[in-house]
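Here's the letter readout for the chains.
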Amino acid sequence: MRETKNKTFADKIWDSLASVKLAIIIFAVIALTSIVGTVLEQRAEPARNILILSKLFGESAAPVLYNIFDKLGFMNMYRSWWFTALLVIFSANLIICSLDRLPRIWKQIREPLNPMSEDQIRKFFITRENVLKGKPDDVRDFVKGALKTARFNYAETKEEQGYQFYAQKGGYSRLGVYLTHFSILVILIGAIIGIRFGFSGYLNLPEGAMSNVAISSADRETPLGFYVRCDNFDVEFYGKSDMPKEFRSWLTIIKDGREIVKKSIVVNDPLTYAGITFYQSSYGLVPGGLDRGIFIFNLVSRDGKGSTLNLRLGDTFHLPESDISGKIVDFSPALKFDEHGHTVTYANQMNNPAALIEFSESGIRKFSGWILKRHPETWQLPGGGRVEFIDYWGVEYTGLQVRRDPGVWIVYFGCIAMSAGLFIALFMSHRKIWVKLIENKNNTKVIIGATANKNRAAFERKIDRIVSMLSKKQAGGK
Amino acid sequence: MDSSFFFGLSTMAYIGAMMIYITYVFFKKEQVGVVATTVTIFGFIAHTLAIIIRWKEFADLSGMGFIRSAPLTNLYESLTFFVWCLILGYLVIEFRFRNRSFGAFITPIAGLALAFIDLTGVSKEIQPLVPALKSNWLLAHVTMSFIAYAAFALSFSTGLMYLIMETEKKNEPAYIFWTLTFGIFAVLFVTMGIDFLTFQVKVRPEIFIHSYLFRTSFLNPAVVVKILSWALAGTTLFLAWRYGHILRTLLVKFSITPDMLDEITYKSIAVGFPIFTLGGLVFGAIWANKAWGVYWSWDPKETWSLITWFIYAFYLHGRMVRGWKGKKVAIVAVIGFTAVIFTYLGVNLLLSGLHAYGSR
Ligand code: HEM
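Each protein sequence line maps, in turn, to chains A and X. To convert, note that position 35 of the first sequence is 35 in my numbering; the numbers rise steadily by one, no gaps. Here my numbering = 1-based position in the second sequence + 478.
Isolated chain X, as found in the complex:
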């Protein structure tokens, strides 16, 4: 049995768990909740095995020794590791706060992310490493960054849930903010999904972005389709704003209080921030210094990490020192994770297209 078997198993488990958690939220039967947790744990174990097996496969193939062969070198592997951290973080919260409803929000992210990786053919090949990537500092850097990203992802979802629960009027900025964020994420997800399903190409993500992304919609060569896509996207945003409050009535069914969400948001950021500082910024700088002789060169990726860092510093000071509570800081938490996504994907995918470098 190879790693992909176990990856498949965990994907199915997460998607199954998602349905069971949702059932649990609606029917509030304790037994259903226990089943949901069990399935999630089962998926997590399969996932762990998959990562270990892949690690071993890579070590055998590359002959670089075990530590250097950690499966964290490309988009596919790092996304899977991210999902792994996310589930682990969720399980910790479930046991800490003795509340399962939250699972209905996290398992879909995990299951969909894994299925997405699978469907879109983000290259799964075990690839040889270019010389600059052979460094133990890099390993520490990447591992810790993803643990922090997972913590930030948790704070993002709880922050968003907080906003959904706490906004009532359609003209208040916080409501407009979350419905638009929600709408934009939905539009991006759907259009990218259509691209993937239409072109069915298996190329490196950079190339996909460059030559295929949004070609079925916003960048379609046919002007009519192009205009139509923009109009549809606009309509989606409008609908998100118009009917966003329905989500709120759904969330109220969950046994989650806004205070708890605020608390989890803070806790996740408090865990993520020092890990991100040490692993993401400091170890990244040490690695860069070893490889290129500069610990900081203001390249777009570094700068975006710094921007992310400042946003979370903003959050901590706003909440802990200025005493902001509630919606204001929840918005900052949501923006913070958007910056994380941009640091991780946007810089490689969007800015490199703009700059046309990508040699390094």
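Pulled out of the complex, with its shape left as it was, chain A reads as follows:
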């Protein structure tokens, strides 16, 4: 008594987990709840979501609604227990539904074809009938040729009044759907591996500095197992605008005191070492370090010879073959001249670094001027020489995302397999064809029956081509 009751209960659960109805319900539930997750900001300060809710529902309702949504886990919903549960049910549904159906599908694929009676052939979705001149023995080769051209690997039986040919192909395309379904599971597994065994953090590395840890999201330091050093960082702009064209960090990986890898990275082109990937993500000025950098100038004398200078704020340098000396007295990370010709610093990034240099001849102050990185005309000196501003080094940091995701290749593999499965499932079909030749007063009646599990119209066009091929061949053969 209890046995059977248990069994029916288990059966019921199995049946509902195997049903496509459940799948459809889950599609709808995931889609609908996800909408809420795009309206509310995930993992944000409470104030931001209260603001959003008050924009939508008014000031008075917002705090109450916030509490309700917060209790339901909507502030971090994609990691909430119920969203996880939805995904678990979704996966169970997918597995059980596929297991439930696969044996039947497998049988349909493997089932050999049998010759059919005339009546049976006429009942197929696609039927064609045609009369060709000559006995079945004469027509036989045309039919074989046509089937071969259509790439059917046919079987043949001799019958009382003639022959029958039958063939099928594309049976395995029935598995495309299951490839898609299982790939979805593969993707989920890859994602779980990434979450369980991966690491995600960031690292703000000043020029010249190195680090053997990255900061994870909870402000914890995670050891990398090696050092990464930022040798240089540079931003390139579009023309003279302030729109960044590219920002680039020159990184070096150092392990056991040896430099192992050197690579410059930009957005979309990261550096990977020992499974850990460094992505260029942001940049900025080292706080409080603005006057501690090194100016790199290129000093070009009148005859065009250049020499590099590394200087600090307050340093003095001499121009070759003259009594003139320059002293760096001021610095601005982003200098421009306003309409009155006054200098202003317009941004707190190194958009257009500039140095104010005071020139003296034999110890007497002669003139001073700004040297801007972006405006070559400021480089010219009265003596004929030139000072070029190459870089102000050591004051910027590069913002790196640091990640390790051992699951990502599993996810990619799953994605590609899923897409392949979809193309197979939606564009390929299992096609079957029977061709019966019946002798009819020195002529041959050709009866064709065909069916496909999908895209029947396309198959029908193909059958029509076979038919016209047959008549043409015969016309040509006579």
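Be a bit skeptical, because a hint or two may be false.
No more than 20 Å apart at the CA atoms, straight line, and that leaves these computed lysine to any residue pairs for SDA-like [to be verified]:
no., chain 1, residue 1, chain 2, residue 2
1, X, Lys768, A, Asp138
2, A, Lys55, X, Phe696
3, A, Lys473, A, Asp138
4, A, Lys454, X, Phe696
I should point out that these hints are in silico values taken from the structure, not numbers from a laboratory.
Starting from the structure of chain A, add chain X with the ligand where the hints point.
Positioned in the frame of chain A, the structure of chain X with the ligand alone reads:
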């Protein structure tokens, strides 16, 4: 001759074709139909040339090489590409199904969309790319997404036409659904048009939405106008519901059967879905992983793509596995494309206003 000349040419051709197709539907003269198709093809060729020329202009300007310079980087360029795919899809259907009446529905969308882009001054400037956008994955992602969107747009119009043809009673849910959808689209289109014509500003779309959209109507500072707009919108919806059946009598004149519409809806989704999966979701994820080191971060745009994907998965399973036919799945097809529009425009325009980020 620059790209805008050819864009202008194709816009005019599509609008001309629209009128000829409508004439064709009413008079059913074969010659008229041939002219309509010819004009459409002419517009399509001009459109293709325009895209290629713009591509070259951008490549010369940016010096980034040909592939990276594909003209798909901003709203203007992607909308034009979308229209291009739509026309291509339509031409395929016209030849496949040997039926032209459908053109009377598609060419207006194409012509109006191009004219709309032109009138509203969606910025046509060729803009330099921010670093994150310089990626071949992004190019594949955007191209394929728009091909899929165009397929979904086709399924949307055939789905809607199906509903128009197959609903008879004013109190049946499918009728209420399509008349309301139709009404809402009409209201949005008209109010946005009034905004554009009133303010005549050429700013980035995000800024337009933020500071100008619906300021002449629903968000008008004058309370009277505001209330009036809402009332008018309500009236429009009511009228759509009250007189929606007139459209049906019009459609019956077309030589389109509901079965054919159902078939085209399915075919378009069957083509769009795998392309969207591979191009929209997978390539998008690979690009995000290259640029930021996460293939999936549940940001609103990604999540909306996923929602769209689930809606179409819902459609495929409902139709193919559960055997739903007709109105039920047509409604899903219509909802699916609404989600596409939201993924593409709504997320940038509406949600970013709500979230006040938009830095990325
Ligand atoms: C979002 C994830 C899913 C995607 C992308 C997907 C995709 C597909 C596609 C493309 C088809 C072929 C439809 C056709 O015949 O044209 C299909 C069929 C099917 N799907 Fe899914 N599917 C998903 C999830 C599920 C789930 C969770 C179930 C659970 C029951 C399920 C059950 C089925 C079944 C039973 C079929 C019919 C198989 C057959 O014809 O032999 N699918 N799916």
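For each hint, the structure was consulted:
| no. | hint | verdict |
| --- | --- | --- |
| 1 | Lys768(X) - Asp138(A) | violated, 64 Å |
| 2 | Lys55(A) - Phe696(X) | holds, 15 Å |
| 3 | Lys473(A) - Asp138(A) | holds, 12 Å |
| 4 | Lys454(A) - Phe696(X) | violated, 49 Å |
Of the numbered hints stated above, those contradicted by the structure are hints 1 and 4, listed in ascending order.
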